[in-house]
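Visitor: Quick mapping for you: the protein sequence lines, in order, are chains U and V.
Each residue of the first sequence is one higher than the last, beginning at 1 in the working numbering.
Each residue of the second sequence is one higher than the last, beginning at 1 in the working numbering.
Careful, some of the hints might be misleading.
Taking lysine-lysine and the DSS-like style, the derived pairs with C-alpha atoms no more than 27 angstroms apart in a straight line are [what the hints assert, rightly or not]:
(1) K126(V) - K220(V)
(2) K179(U) - K168(U)
(3) K120(V) - K3(V)
(4) K236(V) - K222(V)
(5) K3(U) - K126(V)
(6) K120(V) - K2(U)
(7) K3(U) - K120(V)
(8) K262(V) - K202(V)
(9) K220(V) - K262(V)
Worth flagging that the hints you see were computed from the coordinates, not collected in a lab.
Here the structure is a predicted model, which means the values were calculated and not measured.
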Amino acid sequence: MKKLSERREFLLTMARGIGLASIGGLVWSAYLDKAVSAPLLLRPPAALSESDFLATCIKCGLCVEACPYDTLMLAKPGDERPLGTPFFIPRDIPCYMCPDIPCVPVCPTGALDESSVTTHGVLDIGVANMGLAVVDEESCIAFWGIQCDACYRACPILGEAITIEYSKNERTGKHAFLKPVVHADACTGCGLCEHACVTKKPAIFVLPNEIAQGSVDTHYIRGWDTKDENRLEKAQEIKTTTNISKKKAVDSLNSNLEDLY
Amino acid sequence: MHKLWSNYRYLFLRRVTQIGILVLYFGANAWGWNILQGNLSSSLILGTIPMSDPYALLQMLAAGAILSTNLLVGVGIVALFYFLIGGRAFCSWVCPINMVTDLAAFCRNLIGMNQLTGVKQPASRKLRYWILVLSLVISAIMGVTAFEFLSPISMLHRGIVFGLGFGWAGALIIFLFDLFVLKNGWCGHICPLGGFYSLLGKFSLIRVHHLEENCTLCMKCKVVCPENHVLHMIGKESLPVLSGECTNCARCIEVCDDKALKFSLKSFIQNKKKGE
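Chain U extracted, bound-state conformation (with noise of 0.2 angstroms):
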């Protein structure tokens, strides 16, 4: 076989190591895609953003060690959860929101930031935001008619984050069915309700924001709330032209309906 010039050696060698980084660089973030994906995932109290804390949290386990309610658990292979993270089972073990917050100062990175749970200078787990309670009406007895109040009751916030709601049971006539409403300002996702909650599979259960709930295009205002309101001071006035047809309605039967495709 020919020996290579030396030019060509170079070459070929620096064409071979970009094609082998390309190959392991494209599996390895291909992996790493599937590996931190998981939306239905609760995080410990103040925690960051999704992927902000993806490229924060160390996996260190000092907020798992911290929690006196062994609440917290890392991510094991085999969990389908990003691997190392904390996070939180609440049908298994809710969080107790302990006043102390011990599982969020330990953080050695800040990707539970101690910030965002803390109001006028003291610890405040009742604005921690770990996720949403929803109830599925099908299935909670409450709504069936039957009385129960075990999430209310179980609910660290009772009267702010879940209320029950009276109303008249029509199909016995002399019945009130006692609902439970969740409020998403005052939930903190702590999964006490979910862990009392009586149904086999639970009623009311805990999902991340991002799933649990919508969101409202800024352009829609509460006319009654006054600080919604207050919103329309600071408007300008949008001008839009919107080309409108200059043929007339009826033309469009004898055009064979094409303008309408």
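Could you slot chain V onto chain U? The hints should help.
Guide: Frame of chain U; chain V shown alone:
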């Protein structure tokens, strides 16, 4: 008995250190000890002194994380220790995968795999530096710490401390790879953390030193060394092992029956040389 001690003393000490560290971490999670909490990624000594993995910090930096002071202090402590004193000692004295790869190397020798595959190794030891660079590039592109989500070291270590799951599979893959595919494959060729510590520990003080005048050229040291290219001076010159890829495991020192290898501090050696 004396010979057993003298031939395996560092190996014994290393296993005591490796297992001891695991036990301390395990105890912190299981029984609430506070001597060493956390895991090898980040930990607290006695609940106060922070330690963090400097390679993880590099990945976090690439991924665009905002770094906390606590983390920087922890990384500073670890990085300074290995930079000034330990060299690549993490790999042979702390890392739990070292026990897996040592076992693989032992079995490989025992069943004669080395004779089957021959001396020529199909991969370069420089691979780990490429993987190191690649991990940082991928961290930057994907916005997550690329190696930390894949690292069999963390999987095994975290597994032992916090619950294993399928974490044993990573260790088994490495064992089989080292046994059947590539001699010293993981630690000596692939592991980017090892590559990182090779670079960081290049200038550390503790070094293996060779005394050529005592050497009888038995080459036991080269057989036992997992990075045996670092021992290029054996039987040729009295030099310290200066390559950062030496893990300071000291196997060469204890297998030498002629006192031709020993630990010493680099600066002393250099001063002595200048004095002569």
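Visitor: Starting from the hint list further up, note which numbers the structure goes against and sort them upward.
Guide: 3
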